[in-house]
Amino acid sequence: MMGNPTAVDFAPLAVLLPILGAALAFVLRRHPRAQRIVTIGALCLTLVLESWMLVSAWQHGAQAVMIGGWAPPFGISLVVDEFSALMLVVSTAVSLTVLIYATGQGMADGDEDGPISVFHPAYLILVAGVSNAFLAGDLFNLYVGFEILLTASYVLLTLGGTTARIRAGVTYVVVSVVSSVLFLVAIGMIYAATGTVNMADLAGKLADVDPGTQMVLHVMLLVAFGVKAAVFPLSFWLPDSYPTAPAPVTAVFAGLLTKVGVYAMIRTETLLFPGDRLHTALMVVALLTMVVGILGALAQADFKRMLSFTLTSHIGYMVFGLATGSLAALAATIYYVAHHIIVQTSLFLVAGLMERRGGTTNVDRLGSLAKLSPVLAVLFFVPAMNLGGIPPFSGFLGKLGLLRGGVDLGTPLAWVLLAGALATSLLTLLAVARVWNRAFWRRAEDAEDPDPLLLIAADGGGTATTYQHVHDVPASRYSGRGDTALLPRTMVYSTGALVLLGVALTVFAGPLFDLADQAAQQMVQRTPYIEAVLGAGGGA
Amino acid sequence: MSVNVTLLVVMGVLFATGIYLLLERSLTRVLLGIILVGNGVNLLILAAGGPEGLAPIYSAGTPPGEYADPLPQALILTAIVITFAVTAFLLAMIYRSWVIARRDELTDDLEDRRVAEQDTFDFEEDSEVAVETSEFPEDADDDGALAREGVSRQQAAAREAGERLANDFRQASSEESAGTSNDQRNRKAR
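Chains as they are written, first to last, in our numbering: chain A, 1 to 540; chain B, 541 to 730.
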């Protein structure tokens, strides 16, 4: 911390800025306009700071900052390496777009009073928790990060307290609390076994622990993170709880929360428990996650629920890459995580737009959307193809990298997994193609019980832009809404920005893969991370 | 390192009762379970901190080994605060659930019920409780009669659900035979 301050010295601000913003936004809850400015401003500042950190990490590798100047491994350390910096930038960029989308929705609908005023502060706290989890250099701080983001997510998931949301909320909260308890038990046991919770310190000390004990600790951590990442036998809670929340909330949950779990899995797998002790088990789990998830997606009629199932299914790809264990596969996993955050979030935002335009997200009841709103069709089509892994999109590049990792491994199980991954990819394509065929391509008249909103607009010559047409139609979900805009510009633009970001992943795939490669190398070597925290020659 | 048996036994009891309560359907009991398990974890971390010792406040001349390990205590404090916040939130949510449904229980998932009402669901084969095919459904609904038969309340509820499905099915199939299309049935279910 001598001499010129570097970007990493400001790492705590990535957590502090959103928290301070949340405090300010909470004070300003009677002034919606000021609240919006504060929230968006805080996230913009955080994003700028994190981009700077990413550049710095890219140039200088892993760096750490000790909170309060305590000597490691006793104090709290925040570590910025390529992987965590990349995750920070992607997650904050996505949160910012979703926030603008949510603001657009709020402004259009005029629901500025009531409990919604808690949305902005809770949202910022969520971002702070995510940042803290990505930066955490010790297990307990990781736990605190998880708890911050989970507590904020409880509030966001149950916004408004309707029957469906409370029901979903109970499942979600209880499952999350149980997984957190498991994580905490694991931390307690790790402390008993090694006398430290600092990850860099643990990397050296865990190797001396009895292999049986190591196994217990390893499995406990994996299960705790597996619940959060929604890995197959532990993913039952996700499709039940996510779709009930408002569209922007579901979008940001889908993008970030499970990925924090995946991040924690990757971090512990590479740093704390290197070697391939549990790789076979992880591979089986990855296969089941992919296949069961996508079969669930195919059974759904509701677009949001279908997306939730594809979300759990594609977590399987990340676990697959992690279990393969090679450098190339790890790099592809990192790229895939970044890709998936962006694409999955954009699809959930599109689902929100579809709901506004068509009155429902049940694809059986939708139709004509491509004709009624070509922009929406494009916004759906690009990320949907991306998710399905059609070349040249980033989904294809990421999957290609993962599959190559599997081919390099060449064991029979790896081949089974390859087949499963390919089948999942095709089935994903089938699932999104079905949505396209029904909601966008066919005529609304052919849909089952379509909302009058779709029909009135189709009959009236031009296309409707507000809810005025269905104002007096009691059968419509949106009757009595006056001339509220159907697709507010802010919402469409922010969704478009995220879709473009997804395309940018493809365009800049070269440098991104370089970055991912470098990140994977540093993680496999482990020493850069350990030395960044403990100083040269410390630890292992 | 000596082991404090009392601590371990208390911890075990907390975990056991907590997990038992977590598995209940009643939300208040689930909350109590979470509180107990949370405290069990706190004891576990305390036990992980090693033997007891002096308060970890520096005084010159005391050898470092005499102090208690302060880190687990800091961790426990943090964990207590977090459990506190989550408990408060859960209480609010349970209260809200009570206000809405007047039931201290997790309600059924609508989507699950919808899937159950799809054609592939054969209510006779798939239902866990044998479906009462009596022409007089009032008999099956009579709680007093069931109580006399010694059937528990949950079973009665399950039975009632099965009965409801059976009724729906009967109604639907009669509609179908009257020429009603599949679509309308689905819409009705919605």
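A hint or two may mislead.
Said to hold, decoys possible - Pulled a few chain B residues facing chain A out of the computed Cβ check, cut under 10 Å:
{"id": "1", "residue": "Gly558"}
{"id": "2", "residue": "Tyr560"}
{"id": "3", "residue": "Leu572"}
{"id": "4", "residue": "Gly580"}
{"id": "5", "residue": "Asn582"}
{"id": "6", "residue": "Gly593"}
{"id": "7", "residue": "Leu594"}
{"id": "8", "residue": "Ile597"}
{"id": "9", "residue": "Gly601"}
{"id": "10", "residue": "Asp609"}
{"id": "11", "residue": "Leu611"}
{"id": "12", "residue": "Pro612"}
{"id": "13", "residue": "Thr623"}
{"id": "14", "residue": "Ala632"}
{"id": "15", "residue": "Met633"}
{"id": "16", "residue": "Arg636"}
What the hints assert, rightly or not - Just the calculated beta-carbon pair ranges, DEER-fashion:
{"id": "17", "chain 1": "B", "residue 1": "Asn544", "chain 2": "A", "residue 2": "Val407", "range": "27 to 35 Å"}
{"id": "18", "chain 1": "B", "residue 1": "Ser566", "chain 2": "A", "residue 2": "Ala207", "range": "41 to 49 Å"}
{"id": "19", "chain 1": "B", "residue 1": "Val621", "chain 2": "A", "residue 2": "Ala71", "range": "21 to 29 Å"}
{"id": "20", "chain 1": "B", "residue 1": "Tyr560", "chain 2": "A", "residue 2": "Asp514", "range": "27 to 35 Å"}
Just so you know, these hints were derived from the structure itself, not from any lab.
The C-beta atom is built at its ideal place from N, Cα and C for all residues, glycine as well.
Hints, verified against the model:
{"no.": "1", "hint": "Gly558", "verdict": "9 Å, holds"}
{"no.": "2", "hint": "Tyr560", "verdict": "13 Å, violated"}
{"no.": "3", "hint": "Leu572", "verdict": "12 Å, violated"}
{"no.": "4", "hint": "Gly580", "verdict": "8 Å, holds"}
{"no.": "5", "hint": "Asn582", "verdict": "9 Å, holds"}
{"no.": "6", "hint": "Gly593", "verdict": "15 Å, violated"}
{"no.": "7", "hint": "Leu594", "verdict": "18 Å, violated"}
{"no.": "8", "hint": "Ile597", "verdict": "16 Å, violated"}
{"no.": "9", "hint": "Gly601", "verdict": "22 Å, violated"}
{"no.": "10", "hint": "Asp609", "verdict": "8 Å, holds"}
{"no.": "11", "hint": "Leu611", "verdict": "8 Å, holds"}
{"no.": "12", "hint": "Pro612", "verdict": "7 Å, holds"}
{"no.": "13", "hint": "Thr623", "verdict": "9 Å, holds"}
{"no.": "14", "hint": "Ala632", "verdict": "9 Å, holds"}
{"no.": "15", "hint": "Met633", "verdict": "6 Å, holds"}
{"no.": "16", "hint": "Arg636", "verdict": "5 Å, holds"}
{"no.": "17", "hint": "B:Asn544 <-> A:Val407: 27 to 35 Å", "verdict": "54 Å, violated"}
{"no.": "18", "hint": "B:Ser566 <-> A:Ala207: 41 to 49 Å", "verdict": "46 Å, holds"}
{"no.": "19", "hint": "B:Val621 <-> A:Ala71: 21 to 29 Å", "verdict": "26 Å, holds"}
{"no.": "20", "hint": "B:Tyr560 <-> A:Asp514: 27 to 35 Å", "verdict": "53 Å, violated"}
When each numbered hint is compared with the structure, violations occur for hints 2, 3, 6, 7, 8, 9, 17, 20.
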